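Asks: If you're matching them up, the sequences are chains A and B in order. In terms of the numbering used here, the first sequence opens at residue 14 and continues consecutively. In terms of the numbering used here, the second sequence opens at residue 44 and continues consecutively.
FYI, nobody ran anything at the bench for these hints, they're computed from the structure. Predicted, not measured: the structure shown is a model, and the values here were computed from it. All residues carry an ideal CB built from backbone N, CA and C; glycine is no exception. Errors might be hidden in some of the hints.
Stated by the list, open to error - Sample of chain A residues lacking proximity to chain B, with all beta carbon distances greater than 12 angstroms (derived): (1) 18; (2) 21; (3) 67; (4) 68; (5) 80.
Claimed, not checked - List time: in silico DSBU-like cross-link candidates among lysine-lysine, alpha-carbon distance up to 35 angstroms: (6) B:264 / A:49; (7) B:301 / A:18; (8) B:269 / A:51; (9) A:18 / B:82; (10) B:232 / B:250.
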Amino acid sequence: MAKPKLKEHHIEREWCKGCGICIEFCPKNVLELDEKDKAVAVRLEDCIACRMCELRCPDLAIEVIVQE
Amino acid sequence: MAVRDYLRERFFPHMWCPGCGHGTILGALLRAVESLGLKKSEMVMVSGIGCSSRISGYVDFHTLHTLHGRALAFATGVKLSRPEVKLMVPMGDGDALAIGGNHFIHAARRNIDMTAIVMNNRIYGMTGGQYSPLTGYGALATTAPYRNIDHGFDVVTLASAAGATFVARTTAYHVQQAKDILQKAIAHKGFSVVEILSQCPTYFGRKNRMGSAVDMLRWFKENTTKIGSKAKAENPDLIERGIFVEKQLPEYCSEYDKVLERAQSGGS
Chain A
14 MAKPKLKEHH
24 IEREWCKGCG
34 ICIEFCPKNV
44 LELDEKDKAV
54 AVRLEDCIAC
64 RMCELRCPDL
74 AIEVIVQE
Chain B
44 MAVRDYLRER
54 FFPHMWCPGC
64 GHGTILGALL
74 RAVESLGLKK
84 SEMVMVSGIG
94 CSSRISGYVD
104 FHTLHTLHGR
114 ALAFATGVKL
124 SRPEVKLMVP
134 MGDGDALAIG
144 GNHFIHAARR
154 NIDMTAIVMN
164 NRIYGMTGGQ
174 YSPLTGYGAL
184 ATTAPYRNID
194 HGFDVVTLAS
204 AAGATFVART
214 TAYHVQQAKD
224 ILQKAIAHKG
234 FSVVEILSQC
244 PTYFGRKNRM
254 GSAVDMLRWF
264 KENTTKIGSK
274 AKAENPDLIE
284 RGIFVEKQLP
294 EYCSEYDKVL
304 ERAQSGGS
């Protein structure tokens, strides 16, 4: 099976409470909090689409969308 | 069906605090349900009272938000009247084991087909951080400012002794394992108990100076281990994760059908 390739991180800003769990446990340090304390994906090229952010997000605010 | 299709999105963002583990458990549960290919109309979620019990408001299944500690009693009624539906009963540690303790052990003893999920954050969060039956010896709580002197239950041992036919434990850090265990528990025919350690940064974490939600998740990572691991032999204080009991015994609804048959045929 080919490695999944990232298309985008769909982040529901209204749902994100800025706890920082996605940022801390991302193995590739892809995410950051912006000035409004919402998660944003800033280093997209480093993302390996492991979905750890999506699985751990307590606000169900992140979806990792991969290329078909 | 995507995970989000199982949600009642109109109630989002949810009411849990920033960093609360309960949302992660909700996510794991929905992924388990999705993997099993279950339809919304064939699942019933029954919950009691507490932070954890608010979970039933967020899932677009049949849901029942009932009395404190009584979720399993209501779920028993639903299951007996509609044995074909899948019952999920998420409860907090206080809800399941203090006021609901008797319902918990007796539902386990009956082996009625449902999945009890104990979302264990070791505190009563909704009412302000009072100690619960799982707070544990030596911990701090609003009602134990000089440290708790009650020992906590071991949910796994308790459920196993009470007769549950599927007993497992995981944490909100171990999300993949949480999904896999929930999937097996839901598919299991009989009473299944899944304890999931969940972080409460607002009360348990703050009172016990455990740091942020991230720090509490790291604590789960560092203080738990797989069942029977070498690490456990070297450090007995580690909490074991995995499936402790998985066995088949006659299920309550099937047995009840046999009682009806015997009564109606005039036999004994």
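Asks: If a hint holds in the structure, say so; if it doesn't, say that too.
Replies: Hint check results:
In this structure residue 18 (chain A) is separated from chain B by more than 12 angstroms, as the shortest Cβ-Cβ distance comes to about 19 angstroms. Non-interface call for residue 21 (chain A) relative to chain B: holds, since the shortest CB-CB distance, roughly 15 angstroms, exceeds 12 angstroms. Under the 12 angstroms C-beta cut-off, the non-interface status given to residue 67 (chain A) relative to chain B is violated; the minimum distance is some 8 angstroms. Not every C-beta of chain B lies more than 12 angstroms from that of residue 68 (chain A), the closest at about 4 angstroms, which undercuts listing it as non-interface.
The Cβ of residue 80 (chain A) sits about 17 angstroms from the closest Cβ of chain B, beyond the 12 angstroms cut-off, so the non-interface label holds. A hinted pair counts as satisfied when its Cα atoms are at most 35 angstroms apart, and residue 264 (chain B) with residue 49 (chain A) qualifies at roughly 29 angstroms. Only pairs whose Cα atoms come within 35 angstroms are accepted, and residue 301 (chain B) paired with residue 18 (chain A) is rejected, the gap being roughly 54 angstroms. As the CA atoms of residue 269 (chain B) and residue 51 (chain A) are separated by approximately 34 angstroms, the hinted pair is consistent with the 35 angstroms bound.
Simply put, residue 18 (chain A) and residue 82 (chain B) have alpha-carbon atoms about 30 angstroms apart, close enough for the 35 angstroms limit, and the pair holds. Taking the CA atoms of residue 232 (chain B) and residue 250 (chain B), the gap is near 40 angstroms; set against the 35 angstroms cutoff, the hint is violated.
Of the hints listed earlier, those the structure fails to meet are numbers 3, 4, 7 and 10, in rising order.
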